[in-house]
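Q: Here are the chains, one letter per residue:
2 protein chains.
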Amino acid sequence: MSPTKPPAQPRRRMPRAEREAQILVVAEQVFAERGYQATTMEDVAERVGVTKPLIYEYFGSKEGLLSACIVSARGQLRDATERSWAAVGDDAELIDIFRAGVRAFFDFIDQHRNAFLLIQQEGVMAAQTSPLIESIREQQSAATAATLGAAPGLSSVPPEVLEGYAEVIVGACERIAVWRGRRPDVTAADATELVVATVWSGLASQLTTS
Amino acid sequence: MSPTKPPAQPRRRMPRAEREAQILVVAEQVFAERGYQATTMEDVAERVGVTKPLIYEYFGSKEGLLSACIVSARGQLRDATERSWAAVGDDAELIDIFRAGVRAFFDFIDQHRNAFLLIQQEGVMAAQTSPLIESIREQQSAATAATLGAAPGLSSVPPEVLEGYAEVIVGACERIAVWRGRRPDVTAADATELVVATVWSGLASQLTTS
DNA sequence: GGGCCTAACTTACCATGAGTAAGTTAGATG
DNA sequence: CATCTAACTTACTCATGGTAAGTTAGGCCC
Numbered sequence: 012m013s014p015t016k017p018p019a020q021p022r023r024r025m026p027r028a029e030r031e032a033q034i035l036v037v038a039e040q041v042f043a044e045r046g047y048q049a050t051t052m053e054d055v056a057e058r059v060g061v062t063k064p065l066i067y068e069y070f071g072s073k074e075g076l077l078s079a080c081i082v083s084a085r086g087q088l089r090d091a092t093e094r095s096w097a098a099v100g101d102d103a104e105l106i107d108i109f110r111a112g113v114r115a116f117f118d119f120i121d122q123h124r125n126a127f128l129l130i131q132q133e134g135v136m137a138a139q140t141s142p143l144i145e146s147i148r149e150q151q152s153a154a155t156a157a158t159l160g161a162a163p164g165l166s167s168v169p170p171e172v173l174e175g176y177a178e179v180i181v182g183a184c185e186r187i188a189v190w191r192g193r194r195p196d197v198t199a200a201d202a203t204e205l206v207v208a209t210v211w212s213g214l215a216s217q218l219t220t221s
Numbered sequence: 012m013s014p015t016k017p018p019a020q021p022r023r024r025m026p027r028a029e030r031e032a033q034i035l036v037v038a039e040q041v042f043a044e045r046g047y048q049a050t051t052m053e054d055v056a057e058r059v060g061v062t063k064p065l066i067y068e069y070f071g072s073k074e075g076l077l078s079a080c081i082v083s084a085r086g087q088l089r090d091a092t093e094r095s096w097a098a099v100g101d102d103a104e105l106i107d108i109f110r111a112g113v114r115a116f117f118d119f120i121d122q123h124r125n126a127f128l129l130i131q132q133e134g135v136m137a138a139q140t141s142p143l144i145e146s147i148r149e150q151q152s153a154a155t156a157a158t159l160g161a162a163p164g165l166s167s168v169p170p171e172v173l174e175g176y177a178e179v180i181v182g183a184c185e186r187i188a189v190w191r192g193r194r195p196d197v198t199a200a201d202a203t204e205l206v207v208a209t210v211w212s213g214l215a216s217q218l219t220t221s
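Residue numbers (this note's numbering), protein chains in the order written: chain F, 12 to 221; chain C, 12 to 221.
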C-alpha cells in the first residue's frame, strides 16, 4: 500500500552518479542527432530537465561532456566485442575468433548508431583532450592485437607487427561501417565477410611462414 | 633598374583568386596547429593580414573555410596518388600499382602533415556540409577502385566488391597513418609493406579464383 | 592625367552560446 | 526539528561567429 519509494512523480533531485549517467545518455542522443557544433549545452540541459551549470559542474566543459560520451561509447563497444570473443571460446580456430570480433563490431554499429556517430566526432577534440580519446582508441587496437597474439599460431609474431595488423583491421572496419551508411544493401554479414576475406589471408600467411 | 613591379612592400590589394589561395594556406596551417574549435576567424585573418569580413565574403562561414581547406587537401592527396600511378605505368603488375599508391599516400602524409591533420578534422562538419566532404572522400575510394578494376586480372570482379576493397584499403591506410604518429620508428616503407602484406593476398585470391 | 566605377577591403556593430559566481533548497541525518 | 551538505538555479560575463554599412585602392577609358 505504502511503498517506501513510490516513484510516481519523478524525484527532483538525484544522486550525482545517477544524474551523470542520465546526462550522458541524453547528450549521446543530442550530439548524434545534431552533431557537436550544432549542439548547445542548453539543449542538453533542457532535455535532461536541469540547468546548464549542473552539467558544467559534473563534466567541466562541452568538450568534457563529449569526451565522456565517447569514452562511454567506446567502452560499450569494447564490452560487446569482448563478449563475442568469450562466446566463441578460447580454443576456437583463429579465423572464427577473428570473424566473431568483426561481426560483433558491425552488429554493435547497427544497434547503437548514436554511439557510432559519436565516435566519428572524435576529430572535434582539441590537442589537449585528444590523448585521452586516442588512448581509448588504442585500447581497441590493443585488445585486437592481444587476441590475435593469444592464438597459438601467431604467438611467434613480434608484437609490433601484431599491433600493425590490429590497426589495419580496426581501420578497415570503421571505414566499411561508414561506407555501409551509403550502401544500405550491404548487411552486417556482408561487411564481415568482406573484411575477413580481405585481411584473413594476410594473417594466415603469417601463420604458415612462422 | 626600375622593375615594373618591385614587390618590396607587399601589394595591399590582391585579386580575389590569389587572396583566396593565400587564405587557404594560412587556414590550413592554423587549423592543423590549433584544431578547428580552438581556431578563431580572427586568428586566421590576422595572420593573413586582412580582416574577418573579407574571409566571410570569400568563404561564407568558418565551416565553409574548413571545408575549402579539406577539399584542397584531399585534392592534393589525390593528385599525388595519381601521379605515382602514372609513374609506375599502366602495364605494370597489379601489386606494383597497388604498392605505389599506398606508398604515395604515406609519403604524402609525411610531407604534408598539416593537410593530414586537417583531413582528420572532417568529423567536425555538420550534416549539411558532410555530403560534400563525404563525396571527396568517396572520390579517393572510387579512384582506388577504378585503378584496381582497370587491372587485367580484376576486371571480372563486380564493382561493388571492388568498392569494398577500396574502402578497406583506404581505411587501413588512414588508421596506420595515425598509428605512425605514436610509433615514429615505423617508416613510410614499413607502413606500406604492412598494408600490402595484409591486404594483398585477399586481392590476389580474387585474381586466381575468377 | 584625371575622373569614375568596381572589387577589395575596413570599421563598428549584433547575437548567440560557452562558461561562472553567488546564491537557494531538497532532503538525508542526528 | 534543527542542521548541514550536495543538488540545483538565477543571473550574469565575455568571447567569437557573423553582418551591415561604409571606405578606398587602383584599373580603365577618354
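Quick caveat, the hints were computed from the structure, so don't treat them as lab data. Check each hint, because a few of them may be wrong.
Which copy? The list can't say, so a pair holds if one copy fits it or any two copies do.
Claimed, not checked - With a straight-line Cα cutoff of 25 angstroms, these simulated DMTMM-like cross-link-like pairs (lysine to aspartate or glutamate) come out: (1) Lys63 <-> Glu29; (2) Lys73 <-> Glu104; (3) Lys63 <-> Glu145; (4) Lys63 <-> Glu204; (5) Lys73 <-> Asp54; (6) Lys63 <-> Asp107; (7) Lys73 <-> Glu29.
Q: What are the numbers of the hints that this structure violates, sorted from low to high?
A: Failing hints, ascending: 2, 3, 4 and 6.
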